[in-house]
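A.B. asks: Below are the chains, spelled out letter by letter.
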Amino acid sequence: MKCPPMLLHLKIRGKRRGFSLWLPIFLLLPLALAIFIVAAPLILIAIPIFWPSGWRKRALHIFGAVFEIVCSLRGIKVDMQSDHDYMYISAV
Amino acid sequence: MDENKKKILEMLAENKISADEAYQLLSALETKGSTSEGTSKSQTTAKMKSKYLRVHMVSASEHEDRHKSDHVNVRVPMALIHAGMKFTSLLPPEARDKVTGALHEKGIDFDMRNLKPEDMDEFLEALSELEVDVVNNDGDTVKVYVE
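Which chain is which? The protein sequence lines are E and P, in order. Counting from 1, one number per residue, gives the positions in the first sequence under my numbering. Counting from 1001, one number per residue, gives the positions in the second sequence under my numbering.
None of these hints come from the bench; they were simulated from the model. Yeah, the Cβ is synthetic: ideal placement off N, Cα and C, and Gly gets one too. Misleading hints may appear alongside valid ones.
To be verified - Computed cross-link-like contacts, DSS-like style, restricted to lysine-lysine with a CA-CA straight-line distance of at most 27 angstroms:
id	chain 1	residue 1	chain 2	residue 2
1	P	Lys-1116	E	Lys-2
2	E	Lys-11	P	Lys-1051
3	E	Lys-57	P	Lys-1116
Said to hold, decoys possible - Take a look, some chain P residues computed to stay more than 12 angstroms from chain E by CB distance:
id	residue
4	Ile-1017
5	Val-1072
6	Arg-1075
7	Asp-1111
8	Lys-1116
All chains should be built: construct the whole structure from the sequences, respecting the hints.
C.D. replies: Structure follows, in structure tokens:
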């Protein structure tokens, strides 16, 4: 089963200072669930309104594609160095 | 039943070939079948193995610490490329026309409307064999490969 990345490692360094961050993306999942629960009544109202226009199918496809892209981000790594500047992004 | 096997059995029934010859032909067919199956399996395995597209650029500028020389090192999961390509199929036709027009202006003759899911799989399969290795006169290197 595909699952979104759990951690995002961010490292940025300039000439004088820099920082390194481990962002716990997994903490956003409960937040996303809470937002979904809050938005659920609105979605239920929107479905019958947009049903005849054919937007339901497209919206479902877009939601699925966005979820797939987010899940596929796991393993991405960008590592750049230029003179004294350095940037590193990695999704685990 | 396989068409070839059926033909062999028909030839045997019509006494055109002997039982031994029929056996040899059937064995040859089975060997051929298992070989092609094995090849397709290994191709699928190879496809599954290629997980990342790597882009590696290193400047030849001298630096005390090799790791601190100018460089770009990008690792993109193949799944992300696949998902991104799938996403293009969800673009509204007007947006596709705009993208195609913009590409055409840049001299890239590529029509996004012709992009189909089966083409994407074929493209990704071909991408797994991609390897670009460029070195300029100054020694700067660019490598693009799939691992």
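A.B. asks: Now tell me, hint by hint, if it's right for this structure.
C.D. replies: For each hint, the structure was consulted:
Distance check on the hinted pair: P/Lys-1116 and E/Lys-2 sit about 23 angstroms apart at the alpha-carbon level, within 27 angstroms; holds. Restraint check for E/Lys-11 and P/Lys-1051: the C-alpha separation of about 24 angstroms stays at or below 27 angstroms, so the hint holds. Only pairs whose Cα atoms come within 27 angstroms are accepted, and E/Lys-57 paired with P/Lys-1116 is accepted, the gap being roughly 19 angstroms. With a least CB separation of 53 angstroms from chain E, P/Ile-1017 remains clear of the 12 angstroms interface cut-off, as annotated.
The Cβ of P/Val-1072 does not lie farther than 12 angstroms from every Cβ of chain E; its closest approach is about 5 angstroms, which violates its non-interface assignment. Distance check on P/Arg-1075: its Cβ comes as close as 4 angstroms (rounded) to a Cβ of chain E, failing to clear the 12 angstroms threshold; non-interface status is violated. Every CB of chain E lies more than 12 angstroms from the CB of P/Asp-1111, the least distance being 21 angstroms, so the non-interface label holds. Interface exclusion of P/Lys-1116 from chain E stands, the closest Cβ pair being 16 angstroms apart, more than 12 angstroms.
When each numbered hint is compared with the structure, violations occur for hints 5 and 6.
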